[in-house]
Amino acid sequence: MNPNSSWWDWDHAAAVLPSLLLDGFKITVLATVLGTLIALVLGLIVAIIRRSSPPLINAPVTWVVEFIRMTPLVVQLVFANLVLSQYINSTLAIGICVLGVHYTTYMAEVYRAGIDSVPTGQWEAATALSLPRVRTWRAVVIPQAIRNTLPALGNYAISMFKETPFFVVIYIPELVRVAQNYGSHNFRYTEAITLAGLIFLAASYPTSLLIRRLEKKLA
Amino acid sequence: MPENTAPTGTADVPHIEFRDVVKKFGDNTVLDNLNFTVSKGERVTLIGPSGSGKTTILRLVMTLEELSGGYIHIGGTPLQYQEQGGKRVRISDKRRRRTTTGIGMVFQHFNLFPNMTVMENIVEAPINVMGLKKAEAEAKAEALLDKVGMGWKKDARPNELSGGQQQRIAIARALAMDPEILLLDEVTSALDPELVGEVLAVLKDIAAETDISMLIVTHEMQFARDVSDRVMMFDQGSVIEEGLPDKIFSEPENQRTQDFLRAVL
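Taken in sequence, the protein lines are chains H and S.
The numbering of the first sequence is our numbering, which starts it at 415 and goes up by one.
The numbering of the second sequence is our numbering, which starts it at 1341 and goes up by one.
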């Protein structure tokens, strides 16, 4: 049997691993971290708007949020890339923004549930102390709402991490794209794709354990 | 700069005035054309069967409920609505807040902020509403905490404390705003029986040492008798009898007052 046609070849595995970790994984992590930051901040803003604004502002925001939630990330990536690439030079920046905005809509729902879980008595105590609206949100409601939502937000961050491979549709060289490139140049896909999968597993499993621990601690 | 511009009552202007107040929840009319006043420094206790609208009265004064009809004036200043060119006009939240800075409320379920320490709970409003410096606010808070016997717990979190302790802190929190009016809404109803005494003792001290006007809803009849200048018996959204506590508790005239007192005493 020809050794080159075996199912697994350690030479190929060793050859692809550095570029997977140094190029692909780096971009995947960067996209996840920045995307998460965007979603955390925008999500909170959207949730507050939906809980405190008059219908005139609330309705269009709700409509946009629903629209984003009800269309696939892949379509949004391709579409945003078509429209925005004439203004923004970096496909990666576009990808990160789309990912962040897409998850904004999910995180906004999580925040909204967190805000609703703050007892009415807290709002009433704030009114009884004549606290201004903004101060009530900042000092009383948001800290309590976020505490309740941390695990759910963390889970969405992990799921963002796992959805970065959709970036292949706009040719961003994240982990899976790097693996594919290696495959197409060397006609060996197995090692590269397997390793890419293992890297995802190695990163998300410990993170999910951490979140589960956090969940127990907060409960 | 935020400052305490809350209106106060004088000899001839009532501190709290209800004028033809109507409050409905859906089709259910809880208060029907209610008229009454509280003078500056007066302590008025509302008694009556549950569901008679007593708590709603306090919540209206605190702007936690919206009036369905009529007017409430605080020291002569309209609180929720005012008459303007023959029309009933809603007063903005900002202006309402200016009026309510002089009003404090203590709740049945304390409603301390669980994300803050005892000290932070108390200085929150003095710093952010009255504009006190942190050091000033903390010095004031320490004095108030000592007064309610909770100085030793200033760094604790509310959930580490008993109900009685939490309620004493809630009282200190309300007092930290130098209220002209204090609303006490069944402040001992959620407490274990052995913790009621410590809270009532604190409130009696405050009643004795200050001239804060108080509107009280309570099921503690002895406490009502001790601190009140006047007792109002409520049933089905209106006052059916009112007078000095001794009079109401010893020789009530109205049949429903007699029935109610017989049931609770």
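Be aware that a few hints might be false.
[To be verified] In silico negatives: residues of chain S with every beta carbon more than 12 Å from chain H: (1) Lys-1364; (2) Asn-1368; (3) Thr-1403; (4) Gly-1442; (5) Gly-1444; (6) His-1449.
[Said to hold, decoys possible] A short, non-exhaustive set of chain S residues, derived as facing chain H with CB atoms under 10 Å: (7) Pro-1454; (8) Met-1459; (9) Glu-1460; (10) Ala-1514.
Derived by calculation from the structure, the hints in this document are not laboratory data.
We treat Cβ as the ideally placed atom computed from N, Cα and C, and that holds for glycine.
To see whether the hints hold, each was checked on the structure:
Separation of Lys-1364 of chain S from chain H is adequate, the least Cβ-Cβ distance of about 20 Å exceeding the 12 Å criterion. Consistency note on Asn-1368 of chain S: stated as away from chain H, and its beta-carbon is indeed over 12 Å from all of that chain's, at 19 Å minimum. A Cβ of chain H approaches the Cβ of Thr-1403 of chain S within 12 Å, the least distance being about 6 Å, so the stated non-interface status is violated. The Cβ of Gly-1442 of chain S sits about 9 Å from the closest Cβ of chain H, inside the 12 Å cut-off, so the non-interface label is violated.
Annotated as non-interface, Gly-1444 of chain S brings its C-beta within 12 Å of a C-beta of chain H; the closest such distance is 7 Å. For His-1449 of chain S, the shortest C-beta to C-beta distance to chain H comes to about 6 Å, within the 12 Å cut-off, and the non-interface label is violated. Interface restraint check: Pro-1454 of chain S against chain H, minimum CB-CB distance 7 Å, threshold 10 Å, status holds. Annotation: interface hint on Met-1459 of chain S violated; nearest CB of chain H at approximately 14 Å, more than 10 Å.
Because the closest C-beta pair between Glu-1460 of chain S and chain H is about 9 Å apart, less than 10 Å, the hint holds. The interface hint given for Ala-1514 of chain S holds, since its Cβ lies 7 Å from the closest Cβ of chain H, which is under the 10 Å cut-off.
Violated hints, in rising order: 3, 4, 5, 6 and 8; the structure is consistent with all others.
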